[in-house]
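**Q** Sequence:
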Amino acid sequence: MKKFTTHQKVVLIIGIVGVFTAFIGKVNGWEYMEFFPVFYASTSMIWISFVSNKKSCCKALKSKEAQNS
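Residues 6 to 74 (the numbering used here) are what the sequence shown spells out, left to right.
Read the hints as simulated data drawn from the structure, not as lab findings.
Errors might be hidden in some of the hints.
Using C-beta positions, here's what the derived DEER-type ranges look like [what the hints assert, rightly or not]: (1) PHE25 / PHE55: 16 to 26 Å; (2) THR11 / THR48: 35 to 45 Å; (3) ASN33 / SER57: 30 to 40 Å.
Listed below are the simulated SDA-like cross-link pairs for lysine to any residue, each with C-alpha atoms no more than 25 Å apart in a straight line [unchecked claim]: (4) LYS14 / PHE44; (5) LYS7 / ILE18; (6) LYS31 / SER49; (7) LYS31 / TRP52; (8) LYS7 / ILE53; (9) LYS14 / ILE29; (10) LYS7 / GLY23; (11) LYS14 / PHE25; (12) LYS7 / PHE25; (13) LYS14 / PHE41; (14) LYS7 / SER49; (15) LYS8 / ILE29; (16) LYS8 / ILE18; (17) LYS7 / ILE19; (18) LYS31 / LYS7; (19) LYS8 / SER54; (20) LYS14 / PHE28; (21) LYS14 / VAL24; (22) LYS14 / TYR37; (23) LYS31 / ILE21; (24) LYS14 / PRO42; (25) LYS8 / PRO42; (26) LYS7 / SER57; (27) LYS7 / VAL56; (28) LYS31 / LYS8; (29) LYS14 / THR26; (30) LYS14 / GLU36; (31) LYS14 / VAL43; (32) LYS8 / ILE51; (33) LYS7 / SER54; (34) LYS8 / SER47; (35) LYS31 / SER47; (36) LYS31 / TYR45.
For every residue, glycine included, the Cβ atom is placed at its ideal position computed from N, Cα and C.
Please work from the sequences and hints to get the whole structure.
**A** Pasting the structure below:
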């Protein structure tokens, strides 16, 4: 299991609450354009919380550039 930082936990919780709100809105009969933006933004926040915050990909690109020159 991945360890989350405090910032990632906050974003994940906000995303889960938003998705829950969107589902409740859909069940209560909200129009598509009322619940979908909330759902879309919330799922994006959940996805963002799982993005790696390491700089490993940047280091790999820098080392390749150094080898080529």
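**Q** Next, verify each hint and record whether it holds.
**A** The hints, checked one at a time:
Judged by the Cβ atoms, the range 16 to 26 Å given for PHE25 and PHE55 holds: they are separated by roughly 18 Å. A beta carbon spacing of about 21 Å between THR11 and THR48 contradicts the range 35 to 45 Å that was offered as a hint. Range check, ASN33 to SER57: Cβ separation about 37 Å, and the 30 to 40 Å hint holds. Restraint check for LYS14 and PHE44: the C-alpha separation of about 18 Å stays at or below 25 Å, so the hint holds.
Pair hint LYS7 plus ILE18 holds up; C-alpha atoms about 15 Å apart against a cutoff of 25 Å. A distance of roughly 18 Å separates the Cα atoms of LYS31 and SER49; the hinted pair therefore holds under the 25 Å criterion. Taking the CA atoms of LYS31 and TRP52, the gap is near 21 Å; set against the 25 Å cutoff, the hint holds. Taking the CA atoms of LYS7 and ILE53, the gap is near 14 Å; set against the 25 Å cutoff, the hint holds.
Annotation: proposed proximity of LYS14 to ILE29 holds, straight-line Cα distance about 23 Å (limit 25 Å). A threshold of 25 Å between alpha carbons decides the hint, and for LYS7 with GLY23 the separation of about 22 Å falls inside it, so the pair holds. At roughly 16 Å between alpha-carbon atoms, LYS14 and PHE25 fall within 25 Å of each other, so this suggested pair holds. At roughly 23 Å between alpha-carbon atoms, LYS7 and PHE25 fall within 25 Å of each other, so this suggested pair holds.
Only pairs whose Cα atoms come within 25 Å are accepted, and LYS14 paired with PHE41 is accepted, the gap being roughly 23 Å. Simply put, LYS7 and SER49 have alpha-carbon atoms about 19 Å apart, close enough for the 25 Å limit, and the pair holds. Between LYS8 and ILE29 the alpha-carbon distance is near 30 Å, which puts this suggested pair outside the 25 Å criterion. For the hint pairing LYS8 with ILE18, the CA-to-CA distance comes to about 15 Å; that is within 25 Å, so the pair holds.
Restraint check for LYS7 and ILE19: the C-alpha separation of about 18 Å stays at or below 25 Å, so the hint holds. For the hint pairing LYS31 with LYS7, the CA-to-CA distance comes to about 32 Å; that exceeds 25 Å, so the pair is violated. For the hint linking LYS8 to SER54, the alpha-carbon distance of about 11 Å falls within 25 Å, and the restraint holds. Proximity of LYS14 to PHE28 is assessed by CA-CA distance (about 21 Å); at most 25 Å being required, the pair is judged to hold.
For a cut-off of 25 Å, the pair hint linking LYS14 to VAL24 stands: about 15 Å separates their Cα positions. With a C-alpha separation of about 29 Å, the suggested pairing of LYS14 with TYR37 is violated against the 25 Å cut-off. The hinted pair formed by LYS31 and ILE21 meets the criterion: a straight-line CA distance of about 15 Å does not exceed 25 Å. Distance check on the hinted pair: LYS14 and PRO42 sit about 22 Å apart at the alpha-carbon level, within 25 Å; holds.
A distance of roughly 29 Å separates the Cα atoms of LYS8 and PRO42; the hinted pair therefore is violated under the 25 Å criterion. The straight-line distance between the Cα atoms of LYS7 and SER57 is roughly 10 Å, inside the 25 Å bound, and the hint therefore holds. For the hint linking LYS7 to VAL56, the alpha-carbon distance of about 11 Å falls within 25 Å, and the restraint holds. Note on LYS31 and LYS8: the hinted pairing is violated, with a Cα-Cα distance of about 33 Å set against a maximum of 25 Å.
For a cut-off of 25 Å, the pair hint linking LYS14 to THR26 stands: about 18 Å separates their Cα positions. With a C-alpha separation of about 30 Å, the suggested pair LYS14 and GLU36 falls outside the 25 Å cut-off, and the hint is violated. The suggested pairing of LYS14 with VAL43 holds, with an alpha-carbon distance near 19 Å, which does not exceed 25 Å. With a C-alpha separation of about 15 Å, the suggested pair LYS8 and ILE51 falls inside the 25 Å cut-off, and the hint holds.
Under the criterion of a C-alpha separation no larger than 25 Å, the hint pairing LYS7 with SER54 is consistent with the structure, at around 11 Å. The suggested pairing of LYS8 with SER47 holds, with an alpha-carbon distance near 21 Å, which does not exceed 25 Å. A distance of roughly 14 Å separates the Cα atoms of LYS31 and SER47; the hinted pair therefore holds under the 25 Å criterion. Only pairs whose Cα atoms come within 25 Å are accepted, and LYS31 paired with TYR45 is accepted, the gap being roughly 13 Å.
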